[in-house]
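> The residues making up each chain are set out below.
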Amino acid sequence: MYLAVNDLTISFGGLTAVEDLSFELEKGQIISIIGPNGAGKTTTFNLVTGFKKPDRGSIVFKGQELVGLAPYKVAQKGITRTFQKTNVFPNVTVLEAVAMGRYRQIQNSFWDILLANKKYQRTERETKAKGLEILSFLDLAKRKDVRAKSLSYGELRLLEIAIALASEPELLLLDEPAAGMNPSEAAKMMGIISRINEQGLSVLLVEHNMDVVMNISDHIVVLDHGRKICQGPPSVVQEDECVLEAYLGRGFLDAKN
Amino acid sequence: MRTRWQKAGSIIAAAAAVAFPLCVQDDYFIHLIINAGFFYMLVAGLNLLVGYLGQLSLGHTAFLGVGAYTSALLSLKFGAPYWLCLTAAQGLTLVLSLLFGLIVLRLRGPYFVIVSMCFAEVLAIVATNWVSLTNGPMGLPGIEPPSFFGYAIVSRRDFYYLMLIIVCAMTYIISRLVNSVVGRAAISLRENEELAETVGVSAFKFGMIMFVTASLFAAMAGSFYAHYISYLNPEIFGFIYMITMLVMLVTGGKGTIVGPMLGCVIFTVVPEMLRGVAHLRDPVFGLVLIIVAIFMPQGLKGLIDRVLQRGKVPTEG
Numbered sequence: 127m128y129l130a131v132n133d134l135t136i137s138f139g140g141l142t143a144v145e146d147l148s149f150e151l152e153k154g155q156i157i158s159i160i161g162p163n164g165a166g167k168t169t170t171f172n173l174v175t176g177f178k179k180p181d182r183g184s185i186v187f188k189g190q191e192l193v194g195l196a197p198y199k200v201a202q203k204g205i206t207r208t209f210q211k212t213n214v215f216p217n218v219t220v221l222e223a224v225a226m227g228r229y230r231q232i233q234n235s236f237w238d239i240l241l242a243n244k245k246y247q248r249t250e251r252e253t254k255a256k257g258l259e260i261l262s263f264l265d266l267a268k269r270k271d272v273r274a275k276s277l278s279y280g281e282l283r284l285l286e287i288a289i290a291l292a293s294e295p296e297l298l299l300l301d302e303p304a305a306g307m308n309p310s311e312a313a314k315m316m317g318i319i320s321r322i323n324e325q326g327l328s329v330l331l332v333e334h335n336m337d338v339v340m341n342i343s344d345h346i347v348v349l350d351h352g353r354k355i356c357q358g359p360p361s362v363v364q365e366d367e368c369v370l371e372a373y374l375g376r377g378f379l380d381a382k383n
Numbered sequence: 265m266r267t268r269w270q271k272a273g274s275i276i277a278a279a280a281a282v283a284f285p286l287c288v289q290d291d292y293f294i295h296l297i298i299n300a301g302f303f304y305m306l307v308a309g310l311n312l313l314v315g316y317l318g319q320l321s322l323g324h325t326a327f328l329g330v331g332a333y334t335s336a337l338l339s340l341k342f343g344a345p346y347w348l349c350l351t352a353a354q355g356l357t358l359v360l361s362l363l364f365g366l367i368v369l370r371l372r373g374p375y376f377v378i379v380s381m382c383f384a385e386v387l388a389i390v391a392t393n394w395v396s397l398t399n400g401p402m403g404l405p406g407i408e409p410p411s412f413f414g415y416a417i418v419s420r421r422d423f424y425y426l427m428l429i430i431v432c433a434m435t436y437i438i439s440r441l442v443n444s445v446v447g448r449a450a451i452s453l454r455e456n457e458e459l460a461e462t463v464g465v466s467a468f469k470f471g472m473i474m475f476v477t478a479s480l481f482a483a484m485a486g487s488f489y490a491h492y493i494s495y496l497n498p499e500i501f502g503f504i505y506m507i508t509m510l511v512m513l514v515t516g517g518k519g520t521i522v523g524p525m526l527g528c529v530i531f532t533v534v535p536e537m538l539r540g541v542a543h544l545r546d547p548v549f550g551l552v553l554i555i556v557a558i559f560m561p562q563g564l565k566g567l568i569d570r571v572l573q574r575g576k577v578p579t580e581g
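Which chain is which? The protein sequence lines are A and B, in order.
No gaps in the numbering here: position 145 of the first sequence is 271 in our numbering, and each next residue is one more.
No gaps in the numbering here: position 180 of the second sequence is 444 in our numbering, and each next residue is one more.
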């Protein structure tokens, strides 16, 4: 199994944010985690990427245990995430920000850097070229020399993805990439996620926009109050009573029946 | 266009720097510029921490003092040659900064500031009270001038060129570092530590690289200072040095290569012109720091850039 999450549990004081959560992701899949606000979706992301340490449970990625690793170590294993709140490098240009994302790909020794030798120059050229390639892919290339903080909201969300892609992850975790977007922007984001996925990246997605989720997910995990209440392909989850109850309440179900 | 200007500017600046002591006969003026160079050795390193990594260290004088005392004591007590004094100063600083980095780099923001400041303060107390070694507040007079391959650096002009060599070497190292993956990693930590870790940057590792480099530069400055002034006392750890460095850095433009140069020259030359009101120096420095922080957060370098940019198409949308 590519990514296997087993019995993941974490509590903050008396609140159990995630309880006995297990799910699996196969290479090349898009798995979505959905659920009402406070269901534990972002906490799950924080657990997988090492920002929070679970009370118990395991997270195995390509046969390696991730629990206990610091975020930068998890990143070095090939897992990169984006954040729910916009999170970029604000005071550098867009291209510089993407170049910062390529940290993992650069293998320069101290001497390479000090002597500015051929290897150093080649890596710097590659970093720039690859950065531009990613920006073109996301339609941001024309904004490459603009300071990141002066981008529009939609562009910022794209830059976040650009930074994440620059690190060339194998598994990409996207936390509400389409939040706050209008339907056409959300559709564009959906297209981008599909294309990223077609290039071989596995995606773990948290998203409230159901059009996006239902259209591109291979598999959906539904959380409520930290517990998995349902999982399956989109068609199954859409019809599941537990899901309807979690989102719309018991009353809705009673009225429906 | 910009780069051609920059190239021309740096060639002119380099030529002026080399020719300076040949054209200027006034010994005192040369001394002032040597002093500016000494401060640059400190500020350039501090810039790595404050400007690039984004951590305010108030303990930079600690390694200035360690470098100065190690070098001075070896020279005085054992008559060690200058290269040995310098190597030992760098070696001890390397060890101490690694140890201190282990502690302080776990902290962020105000905690980092306070602990770094305490470290310098503790060393000041040691230097003041360990009289048998450091001669306490009476200080260490008569430190030999440096010599290389039998050539003693004695005249102002010699010291000027020694300073220039050190300053150029440091500037080269810094510009290489900040234009590489190391600089990008440090800046990414300054900009957004959470995101930097997400793409695999270890805050601890790059904090350590910047911290140790800055400390080694400070020790270099300390060693230079001790053998230049030929006298050393615990005031080298003084907080006023720290404030002066910060004023120079912030006013000149932190996070840039040129900024520290501007800051150091201006703040060694200008106070000399205002000698008559020397007692006002500290309050004026404080005021400058506040005004700069509010009205020109990018410092003089930022101001110059903005003036040069005027009339061109703004790059920011």
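Hints may contain errors.
Unchecked claim - List of simulated lysine-lysine pairs, DSSO-like, C-alpha gap at most 30 angstroms:
| id | chain 1 | residue 1 | chain 2 | residue 2 |
| --- | --- | --- | --- | --- |
| 1 | A | K199 | B | K271 |
| 2 | A | K254 | B | K469 |
| 3 | B | K271 | A | K211 |
| 4 | B | K469 | A | K256 |
| 5 | B | K341 | A | K244 |
| 6 | A | K268 | B | K469 |
| 7 | A | K275 | B | K341 |
Worth flagging that the hints you see were computed from the coordinates, not collected in a lab.
Every value quoted in this text rests on a predicted model; they were computed, and no experiment measured them.
> Each hint: holds or not?
Hints, one by one, checked against the model:
Restraint check: the Cα-Cα separation between K199 (chain A) and K271 (chain B) comes to about 41 angstroms, which exceeds 30 angstroms; the hinted pair is violated. Of the pairs offered as hints, the one joining K254 (chain A) and K469 (chain B) holds, with about 24 angstroms between alpha carbons and a cut-off of 30 angstroms not exceeded. Distance hint between K271 (chain B) and K211 (chain A) is unfulfilled; the C-alpha atoms sit about 42 angstroms from each other, more than 30 angstroms. Of the pairs offered as hints, the one joining K469 (chain B) and K256 (chain A) holds, with about 25 angstroms between alpha carbons and a cut-off of 30 angstroms not exceeded.
Under the criterion of a C-alpha separation no larger than 30 angstroms, the hint pairing K341 (chain B) with K244 (chain A) is inconsistent with the structure, at around 47 angstroms. Restraint check for K268 (chain A) and K469 (chain B): not satisfied, since their Cα atoms lie roughly 34 angstroms apart, outside the 30 angstroms limit. A C-alpha spacing of about 57 angstroms is found between K275 (chain A) and K341 (chain B), which places the hinted pair above 30 angstroms, so the restraint is violated.
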